[in-house]
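*Asks:* For reference, the chains in residue letters:
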Amino acid sequence: MTAGPDTAGGGRVSRRRMLGLSGAGLLVGAAAGAGVDRALADHHETPGGAVPFHGAHQAGIATPVQDRLHFAAFDVVTEDRDRLVRLLKEWTAAAAAMTAGRPVGRGAVGGVAEAPPDDTGEALGLPPSRLTLTIGFGASLFAKDRFGLQDRRPPALVDLPHFPGDKLDPQRSDGDIAVQACADDPQVAVHAVRNLARIGFGVVSVRWSQLGFGKTSSTTPDAQTPRNLMGFKDGTANIPGTDDDLLAKHVWAAAADGADWMAGGSYLVARRIRMHIETWDRASLAEQEQIIGRDKKEGAPLGARREHDPVDLRRLAADAHVRLAHPDSNGGARILRRGYSFTDGSDGLGRLDAGLFFLAYQRDPRTGFIRIQRNLAGDSLNEYLQHVGSGLWACPPGVRRGGYWGDTLFR
Amino acid sequence: MPSVRLAGLAALMIPLLAACGGTDDAGGGAAAATAIDATDTACEVGRTEFPAGTIDFKVTNKGSKVTEVYVYGPGDKIMTERENIGPGTSVDFTVQLDAGKYQIACKPGMVGDGIRKDITVTGRAAAGDPQLAKAAADYKVYVTAQVDDTLARTREFVKAVKDGDVAQAKRLYAPSRLGWESVEPVAESFGDLDPRIDAREADLEEGQEWTGWHKLEKALWKTGSVKGEEATADRLVKDLEELRSRIPALEFKPVNMANGAKELLDEISTGKITGEEEAFSHTDLADFKANLDGAQKVHELLKPVVQAKDPALAVTLDEEFGKVHSLLARYEKGDGYVSYDTVGQDERKKLSDAVNGLHEPVSRIAGVISR
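Going down the list, the sequences are from chains D and Y.
The first sequence begins at 1 in full-length UniProt numbering and counts up one residue at a time.
The second sequence begins at 1 in full-length UniProt numbering and counts up one residue at a time.
Please keep in mind that the hints were generated in silico from the structure rather than gathered at the bench.
Check the hints yourself; a few may be wrong.
[Said to hold, decoys possible] DSS-like, lysine-lysine: derived pairs with alpha carbons at most 27 Å apart:
#1 D:K89 with Y:K349
#2 Y:K350 with D:K89
#3 Y:K170 with Y:K238
[Claimed, not checked] Calculated Cβ distances over 10 Å to all of chain D for the following chain Y residues:
#4 A35
#5 E49
#6 K58
#7 D76
#8 K77
#9 E81
#10 W210
#11 S245
#12 A366
#13 G367
Cβ atoms here follow ideal geometry from the backbone N, Cα and C, with glycine treated the same way.
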């Protein structure tokens, strides 16, 4: 669970002057420094600790970004709505157990010798590792003649338009249900998705999945900003997970937005963005910095000295990434990014199959990701990128005790 | 056969009600576990006489090498085994043994025939659930019929091979395997027979002679000639006759039946869905159907017990078997199925999803009937 109003004040508090606005897109926008002091509950900072599962919002959105990702998109293979709801309840129980560092069901060992254990066991002895599991529902789940949800599809759960340069692989795109598993230990994240998939056999089938090994965006501005595979700091001015005002304005959906069941939820855009690593590496440092709009060492906007200095858009090239992604270039649009670098080996031509698995949460993708991504059509960075996978999911609000994932939708 | 061959009997002969002596000991005063102290040069067993029924062992590796322990029946039939027992570690295991002579073998370094100790089991195990006993008896009838069927059809197939009638042999190949595929885990329980009858070329170990169905399959579909395969053809019939001759002495245990059903679905998942089983003939879907029928037979026989202990599981199994059957039926063609190389990746994914939906509940049958 995120540090909501009920938890943010508790425990040891780390304070920092936060710098305001965040941009969007692959790299970061800029900081126009509105100083906001926020509290950070200490359980978010314990490396092996547990992130609470229950709460007003789902964990894994405003939660400080963990080091590792296993993301899975599922298709529902049953036509039986009750069976789907039963699975969501089973998943919720398993997710609550695993995020607390407990095994699924009756555990991995000590059960009936003739039966396969309920839990697969590879996370035995590992700490919770700040595991979060976040679920989202894709537009296809709301299709007519499926589960009677056609009237409940939120207006914001649009079909993403085609963006210039997209080369989307259907086998790496979309899906009825998405599950984002983030943890500081990759084995914990993989264990979580594996066990959910196992529980789901016969009801859901994994459509595709993606591992991510390095966070590229931080939602904790006081931590060092991570670098993406292009070698640049990424997420300098992301929406902090502790800024309730910004979260309410840009990340959490409200009942008045058009789907009351989504109040407290958020919309997740995932994009598998392949980087043409080898050609990027041959670009001169000056060109790389021009393309991004920041210097490589410090991460400072061009024309400024330090990473968190305000961005002067006029100092950047018209097609610089940071300029085009900046809120000021997008009518103030902001999204919360928590993407991960990925490397899926090589591509058969000896080139790294690597890039950014972009994940962004927002209150409404029409005024968030879509708005910004359209503006990035002229981004000089596009020469080095290709969007090869895509998806948009409506992530319901958090689970209250006794509730289940999606209960506001299915009740 | 599976690409990674499980140690034959171990897979099938998982002891009945091994959970007794575990958490909720209903084992009727079962004695404490018998110690097996394994070293690099010795295999000390705490006692040599046992009453029939469930027997618990605790093996401790006091040597310097990784070891493994086998319990062998007559003819080195593997009753159970435990591998990869590291130095300084202990492993508990349970085996269900009827009256007879057995051997316990410790294999330091996990090689060779091992250091053997004779043990004797006497008396009769306590009678179990009559419903389960009936299921086991009925299953034996089924297995016998399936092996008879495969033997009869293989004789026809082999005749065509020896006549050099490639077209006829190709027609008879898949049907000859159906009985075998429906009860394959039983055959696998005889560690030596399965590789002789059903080895795939890719699975051969160095120096292993390739015999059996798949050698003939390759000759028929790849080479297009069965010249020189007469000996292989005769050997196949002989090996199946040997399998048939061993069936009467077999005692089927319900838990082993349930595990066998799971193994049949393992076969589908790892061999048929991927198209590896019938690499040349592409008759994988015929095997698929036979594996499925064999697993369903076990389900039907054990259903009264499953219904009593976990009614929801019984319903789920009926549903999921139904789904796989109806999906598979789409690929029927003539007396058999379409060639699997015409089944695209998307369709294979659908088959795989359906099998996954069935495989999970099937894997729970053994635990449920053991409760």
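*Asks:* Hint compliance check: list the failing hint numbers for this structure, sorted ascending.
*Replies:* 12, 13
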